[in-house]
Amino acid sequence: MTRFFDSDVFYAFRTSPVAICSLVVTVLLVLSAVFAPLIATTNPFDPASLNLMNGFTPPMEPNAFTGERFWLGTDDQGRDVYSTILYGLRISLFVGISAVLLAMVIGIFLGLLSGYVGGWTETIIMRAADVQLTFPSILVAMLIFGVAKGVTPVEYRDQMAIWVLILAIGLSDWVQFARVVRGATLVEKSKDYVAAARLIGRSPLAIMIRHILPNVLSPVLVIATISLALAIIAEATLSFLGVGAPATQPSLGTLIRIGQGFLFSGEWWILAFPACTLLVLALAVNLLGDWLRDALNPRLR
Amino acid sequence: MLSFIVKRVGQSVLVLLVTGLVAFSMFTFVGDPIDNMLGQERTMEDVERLRTQLGLDQPFVVQYVRFLEQAAQGNFGISYRQGRPVAEILMERAPATLELAAVSGILAIVMGIALGVFTAIRRDGVAANLIMSISLIGVSLPTFLIGILLIYLFSVELGWLPSFGRGETVKIGGWSTGFLTESGLKALILPAITLGLYQMTLIMRLVRSEMLEVLRQDYVRFARARGLSNRVVNFRHALKNTMVPVITVIGLQLGSIIAFAIITETVFQWPGVGLLFINAIQFVDIPVMAAYLMLISVMFVAINLLVDILYAMIDPRLRSAS
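Protein chains in written order, with the working numbering: chain W, 1 to 301; chain C, 302 to 623.
Among these hints, one or two may not hold up.
What the hints assert, rightly or not - Some, not all, of what chain C presents toward chain W, calculated at C-beta under 8 Å:
(1) G439
(2) L442
(3) I452
(4) L459
(5) Q554
(6) S557
(7) I558
(8) V599
Claimed, not checked - If you only want the chain W side, here are some residues facing chain C, beta carbon under 8 Å, derived:
(9) F45
(10) Q77
(11) M142
(12) G146
(13) K149
(14) A236
(15) F240
(16) G242
(17) I258
(18) L263
(19) L279
(20) V280
To be verified - Computed footprint of chain C on chain W; a stretch qualifies when at least three of its residues, placed anywhere within it, have a C-beta under 8 Å from a C-beta of chain C:
(21) 128 to 138
(22) 264 to 278
(23) 281 to 287
These are calculated hints, taken from the structure and not from any lab test.
C-beta atoms are modelled at their ideal positions from N, C-alpha and C, and glycine is treated no differently.
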């Protein structure tokens with residue numbers, strides 16, 4: 001632990017106000033998502049807690065019929081905007097983090113495999129990566145979502161939507177990981193410790209996972225943070241377009257989609273607060289990723 | 302040079318064959334086309350007859366080749382949702398997307414280069430620093446939020462510009478254009494800005510960093526020593542030499558303008574191909590999805606190929622390296 005506090009990376013962190021701020025904001029948002037059921041005033045998806053009379057209450061003002069007050073107002077169905085944002089944040093972060101983990105596992109595995117084994121395995125994997133990179137990843141995610149939706153039976157579509165979304169974003173994002181891991185593996189492969197491991201008869205799988213993997217992880221960490229920001233925005237975009245999280249399990253993107261409908265009638269708070277939350281989240285994670293990339297890259301220091 | 306071109310064309314054809322396979326698999330594995338075409342009241346004979354008629358009893362490879370033949374002729378089948386040929390629907394929608402993409406592309410290139418040069422020349426000025434900070438926010442804002450923000454400002458609060466649709470259009474031949482009416486032009490402004498903003502910031506930042514690099518070179522110093530005017534040095538000597546990487550990025554971004562048009566078109570309910578694609582995903586309209594995939598992959602592959610060949614022509618080192 002003391003080794004960590006003495007390290008260059010921690011020093012760079014301690015002296016960068018941007019890094020400290022973005023980490024604090026990210027941690028706060030993650031904590032409020034995790035503890036959403038405790039800090040939310042109501043469970044917005046429990047029909048028993050809703051009162052339609054409370055609909056369209058402006059922020060901080062008492063409702064005309066019931067006299068109840070809501071920090072951030074309520075939407076058309078009388079749901080407290082503050083609580084829906086907390087639950088929406090939960091879904092956004094869950095989808096984003098799971099999608100990045102999926103992309104990471106696929107990318108690391110394929111990257112190690114193509115770097116260590118080489119030959120036609122490498123050719124096939126890297127050609128597939130090239131083909132996928134020809135298209136923007138948001139487009140790939142949309143297509144995967146569309147196909148997966150087509151395959152799931154109609155009655156399960158809403159329940160499965162979150163998982164389909166994770167699959168779509170995860171599969172659209174593995175290429176970065178695979179490329180970096182492959183590059184690092186090619187370097188590590190020729191080192192003595194790999195030759196030694198091979199000499200004592202360890203299996204290729206064990207060499208890849210137990211010996212090479214720990215040595216290629218630091219660039220993976222950087223890409224994972226940057227990917228997380230991109231995945232959160234991708235999830236919000238897909239949900240906003242109506243090809244993501246359904247209205248029964250709204251993420252921040254879905255909330256913005258719902259809020260856009262009330263923009264012209266003057267109920268700005270239904271849209272503005274989820275949009276601000278998304279913005280702050282995306283910006284914080286983005287800055288954190290940028291900082292991490294610079295801190296872990298000795299060439300720039 | 303010739304062998305390089307042949308190799309790159311070969312790769313492109315391979316990419317197209319793979320995306321074709323993906324598009325074709327969507328037809329084969331997602332839902333049963335027979336189910337989609339025949340209603341509830343059908344007999345086994347009907348099903349068998351249609352299966353033979355459509356060639357669904359043939360081996361996979363034969364069906365795939367048939368699909369490619371049809372797709373190459375622009376025949377993508379009939380939309381499940383609208384019951385009309387997909388090619389017809391796409392042709393109807395294409396002008397809206399192409400006009401939007403063209404306007405925002407030009408906007409991004411012109412503004413991007415101009416602002417890039419400005420921020421590079423006045424690198425320590427207040428205005429330049431302000432532009433750079435705003436551009437940072439522009440990069441991290443999701444496209445759809447920019448669109449909503451613009452709608453809120455210019456449609457809801459100020460009421461200057463329409464928030465959805467294309468306005469009035471004029472039909473010239475098979476092409477419906479919004480360029481010729483006032484409402485058409487007005488409707489174009491907000492979507493074009495939304496779509497072009499990200500590309501603009503990208504081009505601006507690239508031009509700026511390339512310019513800063515070039516302005517440090519000896520030949521620029523030498524040009525100044527010769528007493529050439531600032532304008533000649535900045536534009537004829539410096540800007541010209543930043544153009545190679547800038548053109549590459551512009552070329553590659555052309556494709557993503559079309560892809561990101563999906564988002565802009567949805568925000569502004571712009572009746573283009575992108576909105577069609579989103580609706581196709583929502584209603585699992587496989588023929589439209591497959592046709593869009595094929596169309597956009599042809600475009601992407603063609604752009605990539607063109608940029609690579611142009612690049613090899615400009616920079617001879619690339620030819621021998623491959």
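Tested hints:
1. For C:G439, the interface hint is violated, the least distance from its beta-carbon to any beta-carbon of chain W being 12 Å, above 8 Å.
2. Given the 8 Å rule on beta carbons, the hint for C:L442 holds: about 7 Å separates it from the nearest Cβ of chain W.
3. Proximity of C:I452 to chain W holds as hinted, the smallest CB-CB distance being about 7 Å (cut-off 8 Å).
4. Hint status for C:L459 relative to chain W: violated, with the closest Cβ pair at about 13 Å, above 8 Å.
5. Look at C:Q554: its Cβ only gets to about 10 Å from chain W, farther than 8 Å, so that hint breaks.
6. Using the Cβ-Cβ criterion of 8 Å, the hint placing C:S557 at the interface with chain W is satisfied: the shortest such distance is roughly 5 Å.
7. Nearest Cβ of chain W to the Cβ of C:I558: about 10 Å, over the 8 Å cut. The hint is violated.
8. Hint status for C:V599 relative to chain W: violated, with the closest Cβ pair at about 11 Å, above 8 Å.
9. For W:F45, the shortest C-beta to C-beta distance to chain C is roughly 23 Å, which exceeds 8 Å, and the interface hint is violated.
10. Proximity of W:Q77 to chain C is violated relative to the hint, the smallest CB-CB distance being about 21 Å (cut-off 8 Å).
11. With a least beta-carbon distance of about 6 Å to chain C, the hint placing W:M142 at the interface is held under the 8 Å criterion.
12. The interface hint given for W:G146 holds, since its Cβ lies 4 Å from the closest Cβ of chain C, which is under the 8 Å cut-off.
13. At its closest, the beta carbon of W:K149 sits 6 Å from a beta carbon of chain C; the interface hint therefore holds under the 8 Å criterion.
14. The interface hint given for W:A236 is met, as the beta carbon of that residue sits about 6 Å from the closest beta carbon of chain C, less than 8 Å.
15. Hint status for W:F240: holds, given a least beta-carbon distance of 5 Å to chain C, under 8 Å.
16. Interface hint at W:G242: satisfied, since its Cβ lies 6 Å from the closest Cβ of chain C, which is below the 8 Å cut-off.
17. The restraint placing W:I258 at the interface with chain C is violated, with a minimum CB-CB distance near 12 Å, outside the 8 Å limit.
18. Given hint, W:L263 at the interface with chain C, holds; its Cβ is 6 Å from that chain's nearest Cβ, closer than 8 Å.
19. With its C-beta approaching chain C no nearer than about 7 Å, W:L279 sits inside the 8 Å limit, and its interface hint holds.
20. Among the interface hints, the one on W:V280 is violated; its C-beta lies about 11 Å from the nearest C-beta in chain C, farther than the 8 Å criterion.
21. Beta-carbon proximity to chain C at under 8 Å applies to 6 residues in the stretch 128 to 138 of chain W; the threshold of 3 is reached and the given coverage holds.
22. Interface restraint, the stretch 264 to 278 of chain W with chain C: holds (5 residues with C-beta to C-beta distance below 8 Å; minimum three).
23. With 3 residues bearing a CB less than 8 Å from a CB of chain C, the stretch 281 to 287 of chain W meets the requirement of three and the coverage assertion stands.
Hint check: violations occur at hints 1, 4, 5, 7, 8, 9, 10, 17 and 20; the rest are consistent with the structure.
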